[in-house]
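Protein chains in written order, with this note's numbering: chain E, 1 to 305; chain L, 1 to 278; chain C, 1 to 522.
By construction, these hints were calculated from the structure, which means they are not laboratory data.
Cβ coordinates follow ideal geometry from the N, Cα and C atoms, glycine included.
Hints may contain errors.
Said to hold, decoys possible - Okay, the calculated beta carbon distance ranges per label pair: (1) E:67 <-> C:309: 37 to 47 Å; (2) E:16 <-> C:266: 52 to 62 Å; (3) L:51 <-> E:21: 53 to 63 Å.
Claimed, not checked - Straight-line distance between alpha carbons at most 27 Å, and here's what the computed BS3-like set of lysine-lysine pairs gives: (4) C:204 <-> E:84; (5) E:126 <-> L:11; (6) E:89 <-> C:344; (7) C:359 <-> E:84; (8) C:226 <-> E:89; (9) E:71 <-> C:226; (10) L:165 <-> E:126.
Claimed, not checked - Heads up, incomplete: computed chain L residues facing chain C, CB under 10 Å, no partners named: (11) 7; (12) 35; (13) 37; (14) 44; (15) 52; (16) 53; (17) 58; (18) 64; (19) 68; (20) 76; (21) 83; (22) 269.
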Amino acid sequence: MSRYIIGRLLSIIPVLFIVSFLVFLMLHLIPGDPVRNMLGLHAPPAAVEEMTKRLGLDKPLHIQYFDFLQKAARGDFGISIRTKQPVIKEIRDRYPYTIKLAIGGTIFATIVGVLLGIISAVNQNKLWDNILMVLSLLSVSTPSFFLALLAILFFSLYLGLFPSIGIQSPQHYILPILTLGAQSVGIMARMTRSAMLEVLNQDYIRTSRAKGMSERVIIYSHALKNALIPVLTVIGLRFGGLLAGSALIESVFGIRGIGRFMIDGVLNRDYPVVQATVLLIASTFIIINLIVDILYRVVDPRIKY
Amino acid sequence: MNSKVFRRFIKRKSSVVGGIIIIIFILVAIFGPYLTSRSPLDIDLRNTYQQPSRNNWLGTDNLGRDTLTRLIYGARITLIISFTSVFLGTLVGLVLGVISGYYGGFVDTVLMRTTDILLAFPGLLLAIAIVAILGSGIVNTMLAIAFYSIPYIARIVRGVVISIKELEYIQACEVIGCSNFTTIVSHIIPNSMSQVIVNTTLNLGTAILTSSALSFLGLGVQPPHPEWGAMLSTARDVMRTTPIAALIPGVAITLVVLSFSLLGDGLRDALDPKLKNN
Amino acid sequence: MKKSIFLKVVLVIAILILTSFSVMAQSDSAKDVLIYGTSTDAASLDPHVQNDSHSEQIVAMLYNTLVRFEPDGEIVPDLAESWTVSEDNLTWTFKLKEGVKFHNGKEMTAYDVKGTYDRFMAEDADASRLIAKNLTQMFESVEVIDDYTVSITTEDSYGPMLSLLSNRTLAIMDPDVIAEYGASTGDFVESSIGTGAFKIVDWKKDEEIIVERFEDYFDENAKLQKVIIKVIPEAASRVIALETGEIEMTNQFPAEDLQRLQDDPNITVRMTPSVGGRLFRFGCNDPIISNTLVRRAIVHAIDRQSIIDGMFPGMTYPSTSCLTPVVWGYADLGVIEQDLEKAKDLLAEAGYPNGFNTKIVTTPRYEKGVELAEVLSAQLSMVGINAEIEVLEWSVILPLWMGVTPEVFDQPMFIMGAGTSMMDADGGLRALYTTTETGTNERNYGFYSNEEVDELVFAAMKETNPEKRLELYKRAQEILYLEDPMGIMLFDTYNRTAAVSSLQGVETNGVGMTYFERIYFE
Chain E
1 MSRYIIGRLL SIIPVLFIVS FLVFLMLHLI PGDPVRNMLG LHAPPAAVEE MTKRLGLDKP
61 LHIQYFDFLQ KAARGDFGIS IRTKQPVIKE IRDRYPYTIK LAIGGTIFAT IVGVLLGIIS
121 AVNQNKLWDN ILMVLSLLSV STPSFFLALL AILFFSLYLG LFPSIGIQSP QHYILPILTL
181 GAQSVGIMAR MTRSAMLEVL NQDYIRTSRA KGMSERVIIY SHALKNALIP VLTVIGLRFG
241 GLLAGSALIE SVFGIRGIGR FMIDGVLNRD YPVVQATVLL IASTFIIINL IVDILYRVVD
301 PRIKY
Chain L
1 MNSKVFRRFI KRKSSVVGGI IIIIFILVAI FGPYLTSRSP LDIDLRNTYQ QPSRNNWLGT
61 DNLGRDTLTR LIYGARITLI ISFTSVFLGT LVGLVLGVIS GYYGGFVDTV LMRTTDILLA
121 FPGLLLAIAI VAILGSGIVN TMLAIAFYSI PYIARIVRGV VISIKELEYI QACEVIGCSN
181 FTTIVSHIIP NSMSQVIVNT TLNLGTAILT SSALSFLGLG VQPPHPEWGA MLSTARDVMR
241 TTPIAALIPG VAITLVVLSF SLLGDGLRDA LDPKLKNN
Chain C
1 MKKSIFLKVV LVIAILILTS FSVMAQSDSA KDVLIYGTST DAASLDPHVQ NDSHSEQIVA
61 MLYNTLVRFE PDGEIVPDLA ESWTVSEDNL TWTFKLKEGV KFHNGKEMTA YDVKGTYDRF
121 MAEDADASRL IAKNLTQMFE SVEVIDDYTV SITTEDSYGP MLSLLSNRTL AIMDPDVIAE
181 YGASTGDFVE SSIGTGAFKI VDWKKDEEII VERFEDYFDE NAKLQKVIIK VIPEAASRVI
241 ALETGEIEMT NQFPAEDLQR LQDDPNITVR MTPSVGGRLF RFGCNDPIIS NTLVRRAIVH
301 AIDRQSIIDG MFPGMTYPST SCLTPVVWGY ADLGVIEQDL EKAKDLLAEA GYPNGFNTKI
361 VTTPRYEKGV ELAEVLSAQL SMVGINAEIE VLEWSVILPL WMGVTPEVFD QPMFIMGAGT
421 SMMDADGGLR ALYTTTETGT NERNYGFYSN EEVDELVFAA MKETNPEKRL ELYKRAQEIL
481 YLEDPMGIML FDTYNRTAAV SSLQGVETNG VGMTYFERIY FE
């Protein structure tokens, strides 16, 4: 078991390297001279030269990459061109919001999604099942930003229930988390449903029924436990998806998170910010996947890689 | 094959509905602009944010432009972006999958590791990163979406190529000396077609979501082009007084994406019932 | 049965807890704390660098100038208590107030004034000081006479000196702070030290700035103890925030909400004439745009009234010159009506009977900046001019506007906000429209160059007779506005504030700066 964990840990190292290399390369893939892109075309040659030296852009590529890695390990991602603050400081300020949204969204999606999936599976092909399946398809097809606008329109402006903009109080988290999680609810429900269906048709379930166990006990203690395994993987994947999707939600709700910061960075050609945020989100994603992989193995030792 | 597939497909009403909506969408996108005399760029500042009326069936937007006309032209833009990018991605994916599966070895490992990484990533994040490098606009949006469509297809095709390589009669053929490559290629298409078709259809839906998300954020299609996501973004400011301006493009996007999902699901069941629980 | 009662109890408790949160949040804003909503964060709080009204307003809270404008346009003493002019009109001597403290406790002396001004007057002052340098190009030297007396000597006589010194760009800073922080002065709390009625205590980028009353302010202390400046980029959200009480005042709201805000009994809307106007400048380095006839054609192709009616009703009025009525030196030259025939004739005369292709560059930082570009493009297409639109963010477009060479500058038409912080035609015309010495665009972003305008503006700068100055400026405006247009003047704006009705003492001067130290809750 531990060998497996170590093996997986080692395997993500090359992945992280490749990702960091691609992110590092971003600056050089942009058409035009990176320094001129940052300072502006008008910059006097002396300033361009100085910045080039300061950023180490005159050194060979592999040395630049090494420097980039070293600095990234220390948390030095440079200075934001727009806010003039160290990028790492900006990230530290904003990361909590995004994490709270992603975690909240995942929890919400898991609870509601699994519940709906169970109801669907138990009522297979009957009315509830059909309704819920269409709803889940709908949740995946609706653009998250549209859903967010609808939520604001309905809950905030029309019903006056929840605040819409900003993130000052606990209530402010409700609508963003609901909208962020909504897309995943559909996926969770479908996953749970098909997993449950597979399990429910197994022999040992039929035996339990024959033995006379109540349906409820069968569903909740036997079927669910086994059905949850594939659901686990989806939770992990969705969390990563939520991290990226939070950019849209943060934009609509005016929340100062990492996603919004990345978008602003792209719009403002603030390349240090773009590099740092993309790298951070990507790395988080990879690590989450790793944890899910390991958990999966722990929960179901039958699975061999 | 065709009639059996067709009969299986028709059984699922939801997929049929999806298919019909897609056909309507394509027809509107291609022929719609010829049916309306107005231009989506016709500004009329004295009639901004009008409610639906006889003159403007769906009302007007922030600059007095007719929403219905913009919706129709927006369908065209959506069609072009999604179809071009996904087909481009599928094509490249096909080629890469064939190369990877056929040659195996180092090339295969490198390509597959890369697709592993790319597959794991949320498409929107990749698209944003690519737009960050290349800049905004229609062409770059298409390239960004094409890029993340590649891994799926590449994997599928590679799998098919590898399984074909194992087939006995291919190996027998080798002994005889017939051209391996063309044989394999001629076998790839029928064997992978169902998976590729299903995947491409679903990808089209995702492509629309991504391109509208990019335009919504200001990173995709630039003004004054009537892209549905961009239209949603401008409608944000007047949601209280004219909610319909936001509802129309949003519902349009949802409807088309939903239809692609339904269609894709139906195709999957019809083409290969064994894939049901995928 | 028991379970459902239990659930109900839990639900009630949950609701109580949630509502108590909101009550707690509101009781935070006691009646001497103002929450002010703005559309963007300040770009810089360095007086020499700031170049937009959002930054300028906060700079106005934190810094003082030697003299300042009152709401009615009168110039009164601020940091200087009195002044004299020499016989030859070349040297101005200011007697400074004593006991003025900076936020860090240091006392302000004449050395600080000299230190502040030397910074941008220096030969090697870097590009960001360009604005200040340009404004004061007639300054020859700033000398310390004694601890509380400083003199400014100009190359030629300079009539509008006092107006110039009221300009926020010439606020007095602490040279020690400048020396310590260099280029990052004004980028964060510690490096934004002034003498103003408020001092900055917190700055969360893109979120909020918190300023508190400076207890050692040399003049009457601010009535409010704290002002929280919140950044709410979406216009609709800002209005909602005002209506729900999340913010108590804002100076930017869309025209669509004007009526509703005015009708709301809990909200008071105030509008005052301002120096501000919206225009699209010409990049005269462009081969086609450099043709005077082309520019005149463009200027006549635009329907300004429909833009005002459709996009900014009740908050703007058509421009009648390249300056607004509150600026000293303004001449009413009438509204340029749309005349498509005339435009087409002029284009034909210029050699473009079938129009031409060009580009409009805009930024969303200006209210409805993107929509304005779209409208202009549509209106120009009616005379055959095909203008594509390029949208750039503020931090991308700003570096392109200062110190760029004509070969590099690629904005045939670009959005601009006019508004001289001097309230004098010298500020509104000289730096912006006279030919630059260096060949880069400095503050004449569009490379406009007209010999007669150069002569007139510089003559008016040195002229001390007000009558003669008015004449010179009138002629200059005729050229800039009509004969050899420097841009498409669209409309003049009102300074506007919308605040809860319990807020009193809200006064805004023509430049658009609100006197936050005078505001109080009833």
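Comparing the hints with the structure gives:
1. Restraint check, residue 67 of chain E to residue 309 of chain C: a C-beta distance of roughly 58 Å breaks the suggested window 37 to 47 Å.
2. Checking the proposed 52 to 62 Å range against residue 16 of chain E and residue 266 of chain C shows it holds: the Cβ atoms sit about 55 Å from each other.
3. The hinted range of 53 to 63 Å is satisfied by residue 51 of chain L and residue 21 of chain E, whose Cβ atoms lie roughly 54 Å apart.
4. Proximity of residue 204 of chain C to residue 84 of chain E is assessed by CA-CA distance (about 12 Å); at most 27 Å being required, the pair is judged to hold.
5. Straight-line distance between C-alpha atoms of residue 126 of chain E and residue 11 of chain L comes to about 17 Å, which keeps the hinted pair within the 27 Å bound.
6. About 56 Å separates the Cα atoms of residue 89 of chain E and residue 344 of chain C, which puts this hinted pair outside 27 Å; it is violated.
7. For the hint pairing residue 359 of chain C with residue 84 of chain E, the CA-to-CA distance comes to about 31 Å; that exceeds 27 Å, so the pair is violated.
8. For the hint linking residue 226 of chain C to residue 89 of chain E, the alpha-carbon distance of about 26 Å falls within 27 Å, and the restraint holds.
9. A distance of roughly 40 Å separates the Cα atoms of residue 71 of chain E and residue 226 of chain C; the hinted pair therefore is violated under the 27 Å criterion.
10. Only pairs whose Cα atoms come within 27 Å are accepted, and residue 165 of chain L paired with residue 126 of chain E is rejected, the gap being roughly 44 Å.
11. Below 10 Å, beta-carbon pairs count as interface contacts, and residue 7 of chain L has none with chain C, the closest being about 50 Å; its hint is therefore violated.
12. At a threshold of 10 Å, the smallest CB-CB gap from residue 35 of chain L to chain C is about 22 Å, leaving the interface hint violated.
13. For residue 37 of chain L, the interface hint is violated, since its Cβ never comes within 10 Å of a Cβ in chain C; the closest pair sits about 17 Å apart.
14. For residue 44 of chain L, the interface hint holds, the least distance from its beta-carbon to any beta-carbon of chain C being 8 Å, beneath 10 Å.
15. Nearest Cβ of chain C to the Cβ of residue 52 of chain L: about 18 Å, over the 10 Å cut. The hint is violated.
16. Checking residue 53 of chain L against chain C: minimum C-beta separation of about 17 Å lies over 10 Å; hint violated.
17. Interface restraint check for residue 58 of chain L: the shortest CB-CB distance to chain C comes to about 19 Å, outside 10 Å, so the restraint is violated.
18. Taken as an interface hint, residue 64 of chain L checks out: its beta carbon lies about 6 Å from the nearest beta carbon of chain C, inside 10 Å.
19. For the restraint placing residue 68 of chain L at the interface with chain C, the shortest Cβ-Cβ distance is roughly 18 Å, beyond the 10 Å limit, so the hint is violated.
20. With a cut of 10 Å, the hint placing residue 76 of chain L at the interface with chain C is violated, because the nearest CB-to-CB distance is about 19 Å.
21. A hinted interface residue such as residue 83 of chain L counts as satisfied when its beta carbon comes closer than 10 Å to some beta carbon of chain C; here the least separation is about 25 Å, so the hint is violated.
22. Given the 10 Å rule on beta carbons, the hint for residue 269 of chain L is violated: about 41 Å separates it from the nearest Cβ of chain C.
Hint compliance for this structure: hints 1, 6, 7, 9, 10, 11, 12, 13, 15, 16, 17, 19, 20, 21 and 22 are broken, all remaining hints hold.
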